[in-house]
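Novice: Put together the whole structure using the sequences plus the hints.
There are 2 protein chains.
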Amino acid sequence: MIEEFWVSILGSVAAAIVTASFVPQIIRGYRTKHLGDVSYLLMITICIGMSLWIGYGIIKQDLVIIGANISTIALNVILLVLKVKYSK
Amino acid sequence: MIEEFWVSILGSVAAAIVTASFVPQIIRGYRTKHLGDVSYLLMITICIGMSLWIGYGIIKQDLVIIGANISTIALNVILLVLKVKYSK
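If you read the sequences in order, they're chains A and B. First residue of the first sequence? That's 126 in our numbering, and the numbers climb one at a time after it. First residue of the second sequence? That's 126 in our numbering, and the numbers climb one at a time after it.
Please keep in mind that the hints were generated in silico from the structure rather than gathered at the bench. It cannot be assumed that every hint is accurate.
Which copy is meant is left open, so a pair is good if it fits within one copy or across any two.
Cut-off 27 Å, straight-line C-alpha distance, at most; resulting in silico cross-link-like pairs (BS3-like, lysine-lysine) [claimed, not checked]:
1) 158 / 213
2) 158 / 210
3) 158 / 185
4) 158 / 208
Specialist: Right under this line is the structure:
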């Protein structure tokens, strides 16, 4: 039981770090008002893939996978909105 | 048993799509020879987080999680090398 707890902690930390990785990209884009080098396909494909991960997490009843992917999709949508805004 | 098979397929497809999402970013960077807007911290933090995901996958004995994260780290390292090269 304790071991399962630590495995969940490891997964949660991993999930939080991967999700957090998009924060500096958003901050950089927001500061420079320029996201020209970031590929639209990167963001869109990540959102599609992570939507499927959410389905996988729901079936496996793995809250870490579900939460991580919802958060990362949210950050990618923010990045996408910024890129559309700055490319006008 | 069949259900477990389809869940693995779903996870594998999700993993493949997320991993593949970095391919258009690499192609774009390689073509334009410019990755200035892509944050170093994005790539480095993804690699750190995904290394922990590999640990999670090993403990959970989930080959989908292990394979997906190894592939995504590999692509991020390629992206990182390109960015260092083009920023010189």
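Novice: If the cut is 27 Å between Cα atoms, do residue 158 and residue 210 qualify within a copy, between copies, both or neither?
Specialist: both (9 Å within a copy, 24 Å between copies)
Novice: Indicate which option fits the pair residue 158, residue 208 if close means a Cα-Cα distance not exceeding 27 Å: within, between, both or neither.
Specialist: Classified as both: same-chain Cα gap 8 Å, cross-chain 19 Å, threshold 27 Å.
Novice: Between the shortest in-copy and the shortest cross-copy C-alpha distance, which are at most 27 Å for residue 158 and residue 185: within, between, both, or neither?
Specialist: neither (40 Å within a copy, 42 Å between copies)
Novice: At most 27 Å between alpha carbons: which applies to residue 158 and residue 213, within, between, both or neither?
Specialist: both (11 Å within a copy, 23 Å between copies)
Violated hint: 3 only; the structure is consistent with all others.
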